[in-house]
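Q: Keeping their order, the protein sequence lines are chains E and A. Per the working numbering, residue -12 is the first one in the first sequence, and the count goes up by one each step. Per the working numbering, residue 9 is the first one in the second sequence, and the count goes up by one each step.
Derived from the structure by calculation, the hints contain no laboratory data. Be a bit skeptical, because a hint or two may be false.
[Unchecked claim] The calculated lysine to aspartate or glutamate pairs, modelled on EDC-like cross-linking and capped at a C-alpha distance of 16 Å, are:
| no. | chain 1 | residue 1 | chain 2 | residue 2 |
| --- | --- | --- | --- | --- |
| 1 | E | Lys7 | E | Asp173 |
| 2 | A | Lys142 | A | Asp352 |
| 3 | A | Lys181 | E | Asp38 |
| 4 | A | Lys211 | E | Glu37 |
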Amino acid sequence: MANKTYIAAIQDALDLALDKDENTLIFGEDVGENGGVFRATDGLQAKYSEDRVFNTPLAESGIGGLAIGLATTGYRPIMEIQFFGFLFEVMDSIAGQMSRARYRFNGTRNMPIVVRSPYGGGTKTPEMHADNLEGIVAQVPGLRVVMPANPADAKGLLLSSIESDDPVVYLENLHLYRSMKGEVADGYYTTPLDKAAIAREGSDVTIVSYGGAVPVSLKAADELAKEGIEAEVVDLRTVSPIDIETIGESVKKTGRVVVVQEAQRMAGVAATVMAEISERFILSLKAPIGRVAAPDTVYPFAQAENDWMMKADDVVAKAKEVVNYD
Amino acid sequence: MASIADANKKVLDFDGQLQAQDDFFPTLKLLDNDGKLLDKAAYKRSELTDEDLVEIMKKMLFSRQLDIRSTKLAKQGRFGFFAPTAGQEASQMASAYAFGKEDWLFPGYRDIPEIVDKGWPVWKAILWSRGHAKGNEFTTEDGEPVNSWMPQIIIGAQYVEAAGVALGLKKRKEDAVAYAYTGDGGTSQGDFYEGVNFASAYKANAVFFVQNNGYAISTPRELQTAAPHLAAKGWGSGIPSLVVDGMDPLAMYLAAKEARAWAAAGNGPVLIETLTNRLEPHSTAGDDPLRYRTKEDIAEWWKKEPLIRMRKFMSEKGIWDDEKEEDYIAEVDSYIDDQIKIADNIDKQKISDFLKNTLEVPGQVMKEQIEHFESEGK
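Chain A with its partners taken away, still in its complex shape:
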C-alpha cells in the first residue's frame, strides 16, 4: 500500500507529471497512410456501411472541389474571403457525418464545407464570402432552417455560444447536441476555456473539435502552449478528451459518433483534438506559407492527406474507382457553376435594410436614417 511518503514524492515529481501528460493521449487511428485497416474491431464499432463510406468520400471530394474552385475564383476576384480547407477533409467532413440536422453547428471561418453539408446552398456561401447579407441567412434552398450559427470570426466565441445551445438542448430534453470547431490557435483564447468549462459544469450536450492543423496563420502550434497535447485542455474541465488522426476519415467518424452519443445522453461534453494540416495558405487574401514553413514540410503532409488513403481503402473494397470519382467531380463542378450564377444575380443590398436589421424597433434617429436611405434608394 502506498504510503503518504510515496504519495508526497509523486506530488513533487514535476518531471514525472510532465511525462504522464505526454504519455496519456494515444492517437485514434483506423487507416494508415496507404489505406490499410489497422483495427478491425474499431471499424466494426463504427458501424459504417459501404454506402456510408461512399457518402463520406463524396463529402470529402465535394469539400476538396469547393476548395479548388473557391481558390481559383478568389484569384479572379469572383469569390471574397476564403480560408482553404485542403488537407482537413477528414477532420471536417468525416466528423460532420456523425451529426444530424437536429444538431447545432458552431463553425469557425474555415468550416464553410460543414455548413454547406447541413443544407446551406453554395450560392449563399459565395455571397457570405463576398460580404452580402443574403449569404448570412442560414436556410436551405427550400427555406428550411439550417441549424448553424454563422462562421465565427472571433476565434473562440463559437465555444461559449455552443455551450449555451448545448445547455438549451439539455433543458429541452432533446436528442441533439451542439458541435463546435476551432483550431490549434483557438485553444489559447479565454472563450475556449470558458466554453468547455461552462458545458462541463452543466454536463451540457456539446462536442468540441480542435482542428490542430499546425498553424494559426503563421504561428506554429508549438508557440501556442507548452501542453504536449491540446486535448489535455479538456481534462482541466474534467471531460473525456481525445486525440484523433485528423487525416483518417474512419477514425474521425468513429470519434465524432461516440462523442455525440455520449453528449446527447446527458453525460456532458467531449473534446476532440484532430491532428491534421493546412496544406494551403491561411486565406486567399495574400498569405504566403513559405514565409513560415518549408516546401518539404508541405510536401510531406500532402502524402498524408485523407483522400489518398480513403481512395485506396475503398478501391480495395471494390466500392470506388477513378471513373466514379471523375463523374462525381463533374457533377460537383456543374453544381458550383450553377451556384455562382445564382450568386451573381442577387439584388444589391440596401443600407436601409441594414438599419432595419439592426434593431427590431428602431428609435427616432434611426427611423430618420431609414427614411433618408430609402429616399435615395440605398
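One chain only, chain E, in its complex shape:
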C-alpha cells in the first residue's frame, strides 16, 4: 500500500501492464521520451523499449487507425489521445470502426484497445482541452467508457480496461491528476468494469456521480452531514455500461436521488441514469430526481470556468431541495 497521486496510479498500472504482457503497446503524441504531456508514461519507453512505447505523428485519426491495425495483428494497443477535446478528430476510428468491429465481423474478431485520454475542467486550459465528452462516446454501442474517481480505482480500472477484449475509452480527470492522492495497493489488481462503488454510505439521499464529479459530491456529503443529512454517494466508475443494480439498491434505501455530472445538462449520462431510475424504481421515490450539471453552452473560456462549473454548494443545495420535498 502506498499513498499515490491519481496520475502515479495510472503510471503504475501502465508499467504493470507492459510488464505482464509483451503484446501491450503504448503510443500517442509525445508519450515516448517525453513521457506524455502529463508524464503518465514517464520512463516507460526507457524501461520497455521504443518498440513498445512510441510516439506517433500528430494525427488523431491515424492513431486510432494504427490501434485498429495493431489489434488486428494480435497486439493490445493502449493509445493516448492527448486531450479528450481532440475526440472529434478520432471519432471515426472510435465510433465508426473499432466499436463496430466485433459486431461487423459477426463475433469473430475483437478489438482489445484502450483509448486513454484526459478530460475535465478546473485547470484553465485552452479551448478543446477540458470538455466532458463522455456522453458522446457513452452513446456508441460496442464501447466501454470508464471514468475513475480516485487513485485506487484509476489503477484497478485501467488494468481491467487493458485486460478487456472490448474497446475501452478510459477517461482520466485532468484536475485530479496531481490534486488527488490516495491509498493504492501494490502490485497487480483489477477492478470490475461493470460495478459501481458506494463511495460513502448514507440513508437520507443518494448522490449518483462519476469521474471528477465524485470528489465534489463527497465534499457536498460532508457539508450535508454537518446539517444532519446523511448522503450516500454512488460512484458509477463506468458510464457505459451503467450499473443500474447498485444505483437501485441505494435508491430503494433512501428514496431520494440527486445525479451529479460535470458535463452540460443536455442529453448525457445523468439523463440516462435519471431515466433508468424513473423506469425501474419510481415507486421507491419520495421526491422528483434532482440533477446538478453544467449550463448548456460550449465549455467556457478559461476565466469564466469557476462560474460555469458545478460545485459542492450546488450539490448541497439540490440535495436539500430533494430531501425537504414532501
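Based on the hints, put chain A in the right spot on chain E.
A: Chain A in isolation, oriented as in the chain E frame:
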C-alpha cells in the same frame, strides 16, 4: 556550379515547379490496347510464366463474370448493394495476384473480387451485399482465416487501418505486407494522408493503391484536386509513388510485385496510382452515369478495357482461345449458381446475436435486451 542566385530563382519559379510535377510521373505500360508487348525487358523483369498469365486471365474473367451476374441479380432483387467492377479487372485482380495469403487486404466497397480471390466464398459476398452478418465472417469454406478487413464503407479509413497492420507486421518481423485499395475520390480524405504518412513515418510494410477510375460517383477526378497526378500525393510523405496503366494487367502485376517486395523488405510503403475507368454505374442502387458523362466517353474506355488486350496477347502466344474462355466462364457460372443457393439457405439473423456481438461482456441493461429478444426468438 549553381549559385545561390540561381537556386533562389528556381525556388521562386512557380510555373516551373508545376511543370516539374506534371512531368515527373511517366506511366508504366507493358501492353498496348492491341495486346502488343511494348517493353520486353520489363516483361522479363516481371518473371511471369505462361501459367501465371493463365491464372491472371482467369481471375480477371472471374471478376467480370461476377460483375455481370451480380448486376443482373441485383436487378432481380436477389443481390443487395453491389459496386460494379467492369474495366477495373487489371487494376484489381492483376495487382492482387502479386500478394499472398499472409498479406493483409484492406478493400474498399468496390474491391469484393480481391477478397473472394483470397478465399472468401462468393456466398458470403452475396450475404454481405444483402446485409447479413454471416457474410462478414472472413474465413474460407474450410474455416481458415482470410487476411482481409471488411469492405470499407468510410472512404479512406482502410488506409489508417492498413498502416496499423503494416506496423504490426513489421514489429513481428513477418515477410508480409498490408495492401489497401481506394479510389481517386479517396485521395481527398484526411485518412488517406494520415494512413500514407503514418506508414511512411514508421517505414511500415504497406502498399497503397489508388484506383483512379475517373469518378467518385458523379464527381470527376479533376474536381478532387489540382494535383496533376494523384501519385504525387505519396511524394508528400517521401515514399516511392508510381503511375501505372490500370488497364494493363502486366504493368499492374509488375508494379504490385515490386512494391510488395520493397515494402516487405522494410523499406517503407509504396503508393500506386492506377489509371483505369469505371465502365458501369457507381452502384446497382440507381446511379445513371449519363447524368455526368457521355456515351461516347464510355464507349472510348470500353475499347481500352484489360480483357481485350490480354486475350490478344495470350492468343498470340498460343496459350488462350475462345474455347478455353467459354469453358472457364461456364465453370464460373455454375460455381456462382451454387453459391447463390447456399446464400439463399442461410438462417435468418437474430437481434440477440447482434447484442451478443456488440460487447464481449454485456452490462445489465444489455443482458435484459438479450433476454427479451431471445424470448421472442429474434
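Q: Could you run down the list of hints and mark each one as holding or not?
A: The hints, checked one at a time:
1. Distance restraint check for Lys7 (chain E) and Asp173 (chain E): the Cα-Cα separation of roughly 15 Å lies within the 16 Å cut-off, and the hinted pair is therefore satisfied.
2. For the hint pairing Lys142 (chain A) with Asp352 (chain A), the CA-to-CA distance comes to about 12 Å; that is within 16 Å, so the pair holds.
3. Only pairs whose Cα atoms come within 16 Å are accepted, and Lys181 (chain A) paired with Asp38 (chain E) is accepted, the gap being roughly 12 Å.
4. Simply put, Lys211 (chain A) and Glu37 (chain E) have alpha-carbon atoms about 15 Å apart, close enough for the 16 Å limit, and the pair holds.
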